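Protein chains in written order, with our numbering: chain A, 1 to 273; chain B, 274 to 577; chain C, 578 to 863.
One or more hints might be untrue.
What the hints assert, rightly or not - In silico lysine-lysine, BS3-like type, Cα no more than 25 Å apart, as pairs: (1) K216/A <-> K254/A; (2) K254/A <-> K217/A; (3) K120/A <-> K451/B; (4) K107/A <-> K217/A; (5) K114/A <-> K160/A; (6) K451/B <-> K114/A; (7) K107/A <-> K759/C; (8) K151/A <-> K114/A; (9) K120/A <-> K160/A.
Rather than coming from a laboratory, the hints here were simulated on the basis of the structure.
Owing to the predicted nature of the structure, the values given are computational and were not obtained by experimental measurement.
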Amino acid sequence: MNRPLVAVPRPPASSAPQHQEGQLKIDVDHLSFYYGAKRALEDISIKIQPNVVTAFIGPSGCGKSTFLRTLNRMNDIIPGARVEGRVCIDGGDVYGQGVDVVALRRKVGMVFQKSNPFPKSVFENVAYGLRINNMASSRSELTGRVEESLKQAAIWDEVKDRLHESALAMSGGQQQRLCIARALAVRPDILLMDEPASALDPIATQRIEELIYGLKKSYTIVIVTHNMQQAARVSDHTAFFWLGRLVEYGRTEKIFTAPSEKLTEDYLTGRFG
Amino acid sequence: MRSRDLGFRLSIGAFAAALLLIVTAIGFELARQSWLSIQRFGFDFWRTSTWDPVAGEFGALPFIWGTLYSSILALAIATPVALGIAVFVSELCPPVLRAPLIFLTELLAAIPSIVYGLWGIFVLVPFVRLLETWTPESMRALPLFSGPPLGVGMLAAGLVLAVMVVPFTSSVAREVLKTVPMTQREAAYALGATRFEAIRAAMFYARTGIIGAIMLGFGRALGETMAVTMVIGNNPQVSLSLFAPQYTMSAVVANEFTEATDALYLSALVEIGLVLFIITLLVNGLSRGLIWTMARQVPSKVAA
Amino acid sequence: MNSLGTVAPRKILSALFVAACALSVALALVPLAFIMFFVVSQGIQSLNLDFFLHDPRPVGEPGGGMRNAIVGTLMLTGLAAAIAVPIGVVSGIYLSEYRGTRFASAVRFAADTLNGVPSIVIGVFAYGVAVLPFKHFSMLAGGLALGIMMIPLIARTTEELLLLVPNALREGALALGATRAKAVMTVLVPAALPGIITGVVLALARVAGETAPLLFTSFGNPFFSTSLTQPVSSITVQVFSYAISPYEDWHRQAWAGALVLVSIVLICSVAARMATARVARIRGGQ
């Protein structure tokens with residue numbers, strides 16, 4: 001079975017960064033997650049290297065977003081949420097005793113499905129994380145960091161003349177890139193993206209995908225997507241989830257051309273979804 | 274069929290029109306009855322402080338002073354408490370406590386004001402008198418705390434009004450906080466916010482509605498009559514002191530209306546009622562406008 | 578960058594904030610507990626059969642009760658309902674049926690405005706309209722004042738309840754050939770009726786506790802009276818005059834009257850809550 005199941009446009013191999021083996025960024029060990037009595041995630045184990053883009057794919061309701069949210073403990077705010085197993089980031093279990101959740105969330109940034117800028121100016125949105133975490137000691141440092149983040153998110157040219165206008169006056173795609181800038185401002189190591197382009201038109205989607213490719217050099221990115229072509233375009237590794245379990249995980253090329261599990265193949269060829 | 278529907282619409286419309294008519298009639302009747310006093314005294318009515326019905330001198334400044342002072346004092350005490358309750362019930366408390374707490378705050382709103390007044394006279398006033406006697410001499414020197422410790426006065430009125438205002442502001446603030454999309458708080462948490470900071474982000478989003486809730490409480494305090502008149506001392510004087518017995522617009526109307534023997538006296542009291550009507554109209558209108566603006570904004574923000 | 582150092586004061590602030598919110602809840606419940614405690618403990622002492630069966634004794638003589646006041650309150654609220662229920666319910670029907678029209682918006686605005694008018698001002702209005710022309714206080718004037726207060730409450734709850742009735746019911750009626758009038762009156766209103774009645778009961782409980790609008794409309798009466806055109810006593814006004822009087826005995830009776838008032842409010846609130854919960858359960862089962 002060597003025919004590709006999905007056309008996989010890949011950048012030339014020489015420009016892809018090499019993996020550093022033996023240095024895991026995220027190491028999840030037999031994770032199960034419960035909403036009260038209901039089990040949403042079953043015995044998931046996955047190892048993610050630094051500076052790669054990993055895509056989580058699967059049909060809706062399969063638990064990929066839930067799993068993403070366990071990585072920065074966003075599920076903590078839901079009453080009745082319970083975790084079994086370990087999620088180690090840079091060697092330390094984030095669900096261990098005495099873990100500072102606030103500091104964790106600074107290190108592991110998140111971008112949401114529907115862009116959710118605060119009802120403030122563009123500048124104030126990006127500065128928010130910097131302010132609450134006391135990350136800038138002077139006004140000029142703050143302004144500098146905001147500019148840096150907006151440039152990283154490839155939106156600086158569009159907003160540099162309207163930094164103090166309301167963030168809500170921008171288009172959906174611009175707002176999402178603003179949210180990415182906001183997340184990047186606090187200098188996370190890992191960026192979690194929960195279907196970041198699902199509410200956007202194709203052109204805006206393309207810009208986000210280009211952005212992800214550019215960010216890979218400096219960040220470890222995990223992106224949840226229901227769009228298989230997007231996963232194929234953007235990620236180095238892909239994990240396929242189904243009904244709360246991790247079915248298959250491996251290099252994107254392999255998953256899309258020669259998956260080991262029949263379930264994976266069925267999903268990719270559209271037999272269910 | 275068409276004409277029958279029209280008949281239906283007209284006949285029930287007549288009842289709705291009656292509602293409209295009543296409100297306009299209130300305005301007209303108040304204006305009509307106060308015309309005598311308005312003509313006689315003009316704007317000086319609200320600048321003079323002498324209220325001497327026997328001599329025919331009517332200066333209403335003490336009443337508007339008393340109303341504004343007591344209401345603002347009540348607002349200052351009630352607002353933090355009401356917002357704290359709203360935040361606790363909607364964001365912080367365990368789900369099982371939510372319904373009972375809401376029920377209890379609604380109970381506070383349902384207690385008749387005469388019962389507040391009764392409790393005010395026999396329980397709160399002696400307590401305030403005690404507080405006033407315990408005030409150290411150094412504080413007594415300040416105009417804010419000057420005067421004999423009678424118990425009745427502005428402080429007692431402010432306190433009882435605050436208790437009455439809390440459930441109103443709190444329930445509207447709670448409703449307003451419910452409409453803030455969860456993603457706003459999630460965005461804050463994802464950036465490393467503490468609980469307080471995330472709730473603060475939600476409250477910022479809801480600020481228009483929260484101000485509306487506070488104004489609603491203000492409107493409530495402005496119009497309250499019975500509880501205030503039983504604890505404020507009913508003395509038409511303009512005083513900065515919390516200990517001094519003073520008078521409000523609604524209290525003077527309630528107390529002296531049946532004693533108004535001549536037309537001018539009555540007209541003066543009705544004029545006070547008219548101004549109270551206008552002030553509460555404006556405050557409540559503004560508050561409802563703010564809350565409505567907030568309700569309108571939310572869907573469009575989410576649809577980005 | 579040492580993140581640990583900066584996070585600690587923020588966390589303390591967050592914990593203090595949570596504590597402050599919990600404290601506010603306690604702070605609000607304290608006066609509630611206080612009031613209920615005093616009303617019950619003081620009131621229950623004077624609440625005996627005499628209280629309900631006898632009229633007040635002349636000044637200074639011990640004993641007597643509030644029979645005339647209780648009957649007065651019942652009649653006043655009955656009058657108020659007679660005025661407010663037709664106008665309020667039908668206005669509510671209009672507001673829900675013809676929602677988008679300018680007239681409906683004006684009426685809704687008027688209802689919300691009327692809701693916010695201080696009760697003393699409504700008393701002044703009722704005085705001018707129903708007392709002054711006839712030169713004496715009367716139960717009718719008092720009932721008018723209370724009725725005016727009830728109208729916006731009933732109108733708004735009726736409107737909201739009618740909007741909750743599923744559209745499928747209306748469409749079903751119209752599909753069977755009913756006119757709009759018939760569909761509304763024979764299908765929608767009966768469906769919303771339990772809620773409307775609950776709304777009326779709550780509004781009644783609210784006005785039963787009003788004092789200010791009665792001070793110069795129904796005024797008060799030391800004797801038993803059921804005449805519409807004469808002043809009549811009411812629990813609230815009676816409690817007021819007893820409270821500001823210098824007589825210990827009257828003070829005790831004031832507490833008893835307060836207990837009766839609070840009981841009425843409590844019973845109506847609980848009944849209303851149970852009724853809405855029951856309707857919600859029935860709806861949920863559909």
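Hints breached by this structure = 7
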